[in-house]
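Number of protein chains: 4
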Amino acid sequence: MCAVKVRNLTIGNGNFIVMAGPCSIENREQLLEIAKEIKACGADILRGGAFKPRTSPYSFQGLGEEGLSYMKEAAEAAGLVSVSEVMDSSDIELVASYVDILQIGSRNMDNFALLKKVGKSGYPILLKRGYMSTIEELLLAAEYILKEGNDKIILCERGIRTFEKLTRNTFDLSAIPIIKKMSNLPIIADPSHGVGRADIVTPMAKAAVAAGADGLMIEVHPNPKKALSDGQQTLDYPSFRDLMEEVLELSAFMRGESPLQARGRLKAL
Amino acid sequence: MCAVKVRNLTIGNGNFIVMAGPCSIENREQLLEIAKEIKACGADILRGGAFKPRTSPYSFQGLGEEGLSYMKEAAEAAGLVSVSEVMDSSDIELVASYVDILQIGSRNMDNFALLKKVGKSGYPILLKRGYMSTIEELLLAAEYILKEGNDKIILCERGIRTFEKLTRNTFDLSAIPIIKKMSNLPIIADPSHGVGRADIVTPMAKAAVAAGADGLMIEVHPNPKKALSDGQQTLDYPSFRDLMEEVLELSAFMRGESPLQARGRLKAL
Amino acid sequence: MCAVKVRNLTIGNGNFIVMAGPCSIENREQLLEIAKEIKACGADILRGGAFKPRTSPYSFQGLGEEGLSYMKEAAEAAGLVSVSEVMDSSDIELVASYVDILQIGSRNMDNFALLKKVGKSGYPILLKRGYMSTIEELLLAAEYILKEGNDKIILCERGIRTFEKLTRNTFDLSAIPIIKKMSNLPIIADPSHGVGRADIVTPMAKAAVAAGADGLMIEVHPNPKKALSDGQQTLDYPSFRDLMEEVLELSAFMRGESPLQARGRLKAL
Amino acid sequence: MCAVKVRNLTIGNGNFIVMAGPCSIENREQLLEIAKEIKACGADILRGGAFKPRTSPYSFQGLGEEGLSYMKEAAEAAGLVSVSEVMDSSDIELVASYVDILQIGSRNMDNFALLKKVGKSGYPILLKRGYMSTIEELLLAAEYILKEGNDKIILCERGIRTFEKLTRNTFDLSAIPIIKKMSNLPIIADPSHGVGRADIVTPMAKAAVAAGADGLMIEVHPNPKKALSDGQQTLDYPSFRDLMEEVLELSAFMRGESPLQARGRLKAL
Numbered sequence: 001m002c003a004v005k006v007r008n009l010t011i012g013n014g015n016f017i018v019m020a021g022p023c024s025i026e027n028r029e030q031l032l033e034i035a036k037e038i039k040a041c042g043a044d045i046l047r048g049g050a051f052k053p054r055t056s057p058y059s060f061q062g063l064g065e066e067g068l069s070y071m072k073e074a075a076e077a078a079g080l081v082s083v084s085e086v087m088d089s090s091d092i093e094l095v096a097s098y099v100d101i102l103q104i105g106s107r108n109m110d111n112f113a114l115l116k117k118v119g120k121s122g123y124p125i126l127l128k129r130g131y132m133s134t135i136e137e138l139l140l141a142a143e144y145i146l147k148e149g150n151d152k153i154i155l156c157e158r159g160i161r162t163f164e165k166l167t168r169n170t171f172d173l174s175a176i177p178i179i180k181k182m183s184n185l186p187i188i189a190d191p192s193h194g195v196g197r198a199d200i201v202t203p204m205a206k207a208a209v210a211a212g213a214d215g216l217m218i219e220v221h222p223n224p225k226k227a228l229s230d231g232q233q234t235l236d237y238p239s240f241r242d243l244m245e246e247v248l249e250l251s252a253f254m255r256g257e258s259p260l261q262a263r264g265r266l267k268a269l
Numbered sequence: 001m002c003a004v005k006v007r008n009l010t011i012g013n014g015n016f017i018v019m020a021g022p023c024s025i026e027n028r029e030q031l032l033e034i035a036k037e038i039k040a041c042g043a044d045i046l047r048g049g050a051f052k053p054r055t056s057p058y059s060f061q062g063l064g065e066e067g068l069s070y071m072k073e074a075a076e077a078a079g080l081v082s083v084s085e086v087m088d089s090s091d092i093e094l095v096a097s098y099v100d101i102l103q104i105g106s107r108n109m110d111n112f113a114l115l116k117k118v119g120k121s122g123y124p125i126l127l128k129r130g131y132m133s134t135i136e137e138l139l140l141a142a143e144y145i146l147k148e149g150n151d152k153i154i155l156c157e158r159g160i161r162t163f164e165k166l167t168r169n170t171f172d173l174s175a176i177p178i179i180k181k182m183s184n185l186p187i188i189a190d191p192s193h194g195v196g197r198a199d200i201v202t203p204m205a206k207a208a209v210a211a212g213a214d215g216l217m218i219e220v221h222p223n224p225k226k227a228l229s230d231g232q233q234t235l236d237y238p239s240f241r242d243l244m245e246e247v248l249e250l251s252a253f254m255r256g257e258s259p260l261q262a263r264g265r266l267k268a269l
Numbered sequence: 001m002c003a004v005k006v007r008n009l010t011i012g013n014g015n016f017i018v019m020a021g022p023c024s025i026e027n028r029e030q031l032l033e034i035a036k037e038i039k040a041c042g043a044d045i046l047r048g049g050a051f052k053p054r055t056s057p058y059s060f061q062g063l064g065e066e067g068l069s070y071m072k073e074a075a076e077a078a079g080l081v082s083v084s085e086v087m088d089s090s091d092i093e094l095v096a097s098y099v100d101i102l103q104i105g106s107r108n109m110d111n112f113a114l115l116k117k118v119g120k121s122g123y124p125i126l127l128k129r130g131y132m133s134t135i136e137e138l139l140l141a142a143e144y145i146l147k148e149g150n151d152k153i154i155l156c157e158r159g160i161r162t163f164e165k166l167t168r169n170t171f172d173l174s175a176i177p178i179i180k181k182m183s184n185l186p187i188i189a190d191p192s193h194g195v196g197r198a199d200i201v202t203p204m205a206k207a208a209v210a211a212g213a214d215g216l217m218i219e220v221h222p223n224p225k226k227a228l229s230d231g232q233q234t235l236d237y238p239s240f241r242d243l244m245e246e247v248l249e250l251s252a253f254m255r256g257e258s259p260l261q262a263r264g265r266l267k268a269l
Numbered sequence: 001m002c003a004v005k006v007r008n009l010t011i012g013n014g015n016f017i018v019m020a021g022p023c024s025i026e027n028r029e030q031l032l033e034i035a036k037e038i039k040a041c042g043a044d045i046l047r048g049g050a051f052k053p054r055t056s057p058y059s060f061q062g063l064g065e066e067g068l069s070y071m072k073e074a075a076e077a078a079g080l081v082s083v084s085e086v087m088d089s090s091d092i093e094l095v096a097s098y099v100d101i102l103q104i105g106s107r108n109m110d111n112f113a114l115l116k117k118v119g120k121s122g123y124p125i126l127l128k129r130g131y132m133s134t135i136e137e138l139l140l141a142a143e144y145i146l147k148e149g150n151d152k153i154i155l156c157e158r159g160i161r162t163f164e165k166l167t168r169n170t171f172d173l174s175a176i177p178i179i180k181k182m183s184n185l186p187i188i189a190d191p192s193h194g195v196g197r198a199d200i201v202t203p204m205a206k207a208a209v210a211a212g213a214d215g216l217m218i219e220v221h222p223n224p225k226k227a228l229s230d231g232q233q234t235l236d237y238p239s240f241r242d243l244m245e246e247v248l249e250l251s252a253f254m255r256g257e258s259p260l261q262a263r264g265r266l267k268a269l
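Chains as they are written, first to last, in my numbering: chain X, 1 to 269; chain F, 1 to 269; chain U, 1 to 269; chain W, 1 to 269.
By construction, these hints were calculated from the structure, which means they are not laboratory data.
Below 20 Å or equal to it, Euclidean Cα-Cα: the simulated SDA-like pairs (lysine to any residue) are: (1) X:Lys120 to W:Gln61; (2) U:Lys39 to U:Tyr237; (3) W:Lys36 to W:Ser239; (4) X:Lys147 to W:Tyr58; (5) U:Lys180 to W:Leu166; (6) W:Lys36 to W:Asp236; (7) W:Lys165 to F:Arg168; (8) F:Lys116 to U:Gly64; (9) F:Lys5 to F:Phe16; (10) F:Lys117 to F:Asp151; (11) X:Lys120 to W:Arg54; (12) F:Lys165 to W:Lys165; (13) W:Lys116 to X:Gly64.
Turn these sequences into a full structure, and let the hints guide you.
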């Protein structure tokens with residue numbers, strides 16, 4: 001098992017981790033607050049988008065470098081590792097100067113020029129499955145990065161495009177045990193994008209844990225209805241706290257710990 | 001919550017159940033053995049196909065009424081409830097004379113003539129989601145049965161057709177919490193068809209339990225490699241026993257029982 | 001090339017035919033009028049549904065046998081061949097007593113019990129591709145009918161379910177040349193269902209002709225906005241007349257006739 | 001209608017054009033020969049990949065700048081316009097220094113950083129539909145380019161990913177009339193990728209013309225079986241010559257010219 005170490009955090013190798021935060025970074029104060037809040041709930045990594053891939057050019061495109069600076073400040077203040085998306089090969093060094101992990105988003109999973117360059121960069125990479133990509137294609141995309149000598153790769157299942165209309169994507173949890181068989185890389189799950197509706201994020205997060213995921217990525221915002229993007233799939237603080245309690249207990253149970261031990265760990269936060 | 005009662009068994013309403021058995025009924029002795037084996041592992045319902053919907057007319061089409069008579073005998077001998085598929089409206093009474101629950105298979109979910117007739121029949125129905133049907137269409141198919149006055153319906157998620165090639169279908173577990181919100185009917189999950197490969201049936205069964213499924217349907221055969229249909233997705237006895245142990249413990253944990261209690265219940269079998 | 005002969009009409013073998021009519025048969029006078037109108041435009045076969053497969057049990061389910069009697073009268077009055085759907089194996093003889101060709105609808109393409117029985121019946125069959133079925137599965141469904149000794153089969157491409165949202169289905173015209181290579185059966189195309197929107201039925205009908213289709217099925221209604229089903233994809237009389245003029249000219253061109261010859265044939269109607 | 005002018009060639013506005021050439025540029029002599037051959041058949045634009053997006057990093061990745069220099073030489077020698085793909089925003093000027101039109105490939109249709117930069121560049125753009133993208137998303141991708149002030153955009157339908165297995169993609173010809181209604185941009189069709197098998201490229205090319213396409217893109221190679229990529233969907237010279245003859249005649253017919261006029265034009269080449 002090839003665990004990825006980022007600062008003091010081990011991802012994979014039996015260590016279950018949670019990434020959380022807003023879809024888009026909106027302003028400094030809010031991000032500082034979110035970071036503090038998710039840390040208190042037991043999350044390990046702060047996520048937030050500064051460069052946003054939006055279907056329409058008239059949608060909010062993200063704060064860019066200004067947003068990245070808020071990420072750095074908020075993650076450090078809360079004692080969290082940080083992750084943010086890089087969309088263009090010319091921005092790799094810029095993003096890496098502010099955050100710990102570079103995310104390759106679903107729409108760029110087969111942007112092979114970008115994969116080669118983040119491979120060469122050597123930074124830790126969160127590689128999300130393309131929403132229209134097969135599991136084999138995800139593993140071959142990881143191979144583009146590995147081939148350049150970079151094995152700090154975390155894979156992420158985040159749903160695929162199908163005909164179903166009650167969910168934004170179809171969350172393909174079978175990817176998790178299959179990747180466990182075909183690869184040594186850690187694989188996490190993003191139920192927020194996987195289903196695209198906040199009301200079932202928690203049961204699907206638990207399903208991902210039961211399927212063997214090494215971690216979760218969850219969208220959290222103090223007021224999802226006013227979020228600048230993806231509000232419909234974002235949890236507010238109380239819902240996220242509930243999710244974390246259920247998920248950490250289940251994760252402990254899956255590893256053979258007693259729920260009491262898990263609860264103890266949660267309370268200690 | 002509208003539980004379905006069949007003989008002494010309650011499906012839904014917090015009571016977790018497991019259906020298991022071969023894809024096709026092959027012969028009398030084998031079915032008697034399978035029934036005894038799955039009962040010993042804690043299963044509640046014997047499944048087995050006598051009328052088989054096969055893509056090619058040159059594939060094995062099932063034993064027909066002869067197979068149904070073996071079902072009746074094997075289920076009664078082992079103390080199990082039984083379920084088998086009905087494919088044609090003219091066979092409803094025939095199938096119902098041998099088994100407790102009539103299955104409407106994935107390919108017949110939108111065979112509306114058949115839905116109306118099983119609705120009028122009043123027998124308990126296992127309604128599988130069409131492999132190309134939306135969740136809303138599954139609920140409307142159930143409505144065809146309900147409209148005729150029959151509310152003894154168990155829904156079943158069994159995977160949908162997508163572009164992914166490493167699984168036979170994409171197992172859409174988001175259907176489970178969504179149906180819990182939109183309907184009072186119990187919903188079970190069929191990971192055997194959902195993924196189509198035996199090696200990941202157990203983790204996906206656990207994911208279904210974590211997502212809130214009221215039960216599972218699992219294909220079991222003494223020698224999957226020699227099964228007349230669906231061998232690649234069928235568990236042998238030892239694998240099924242392991243699955244049951246893990247699933248029953250997880251199910252107990254989800255309901256707030258301790259694993260020790262669950263283990264105790266399992267050992268008592 | 002295995003042409004299907006129904007009354008004096010040859011379908012396939014280089015003879016291009018058009019089926020047209022309403023989605024649902026609504027009343028006697030209207031159907032008599034539609035039949036006369038489509039005949040005047042050059043159509044060969046009257047289509048109309050008496051038993052309607054509707055997603056919801058609360059939608060209009062069709063006039064049943066009463067509708068079939070109108071079909072018989074209208075087709076005979078106009079000198080047209082007739083086709084209507086059979087949804088249940090117990091209705092085969094009933095439908096066949098009123099119409100010339102039995103349609104197996106998209107939702108019943110893998111209703112194997114029905115396929116076997118229409119195979120045994122010997123009546124001419126219009127077999128529509130399932131909206132969730134591969135081309136190979138369509139050919140295997142035809143094989144269910146052929147195996148019973150009935151080779152009077154007309155295949156029909158009518159669109160498959162995909163993620164695209166601006167069309168009801170994705171009209172898979174590649175099925176036409178592929179089936180020409182793999183089968184001797186005639187294959188027609190149904191652009192009305194294929195795209196589900198009247199405004200592009202004519203260009204897609206022409207595309208089907210250019211791809212080599214042996215005929216077309218087109219939904220026509222005197223007032224599509226008031227049609228009891230599928231109004232959004234149905235042509236009114238003037239649009240259908242325009243379509244027929246363009247399609248017959250193109251079909252003539254494809255066969256090497258001059259447009260003048262084709263126009264002459266059209267004017268002679 | 002917003003036609004795109006490149007050198008002396010008008011794309012759109014009733015002027016039907018054909019792009020042809022190999023999937024990958026393989027060597028100088030071969031490309032010079034292909035260019036001469038397709039010109040003789042009536043093609044207008046030479047296509048060929050120097051930077052190749054390949055699913056596996058171990059597949060042939062293209063000749064890079066060396067290949068581009070062959071493109072420039074071959075297009076000029078044959079009197080053709082040229083097009084080649086740009087995969088990374090840092091290569092825009094490099095590619096534009098050798099070819100007339102920059103292709104944004106299917107996998108980069110939602111690489112928004114690249115879209116913005118080719119928009120700012122002002123060069124003519126061939127924007128291919130993502131194999132996972134809706135028609136609306138294609139139009140919004142074009143909007144990213146238009147918003148930067150660049151309206152020299154040619155759209156291209158090239159098939160979408162579905163469950164069908166006998167074709168590489170499902171060629172969605174309904175995109176053509178829909179885009180004609182929603183946009184002023186010219187739209188061409190790529191049946192080679194659309195179906196992925198050489199044996200039905202010609203009927204599907206004709207279907208695209210009948211649906212109203214402003215042009216075609218066709219893969220051609222002197223020996224498809226030995227091509228370094230996409231050989232199974234590539235035409236050899238005689239097949240391409242036959243395709244061009246059929247397509248130009250049909251295109252002439254669609255515009256109201258007589259086949260004789262069209263044939264005359266073809267012979268004059």
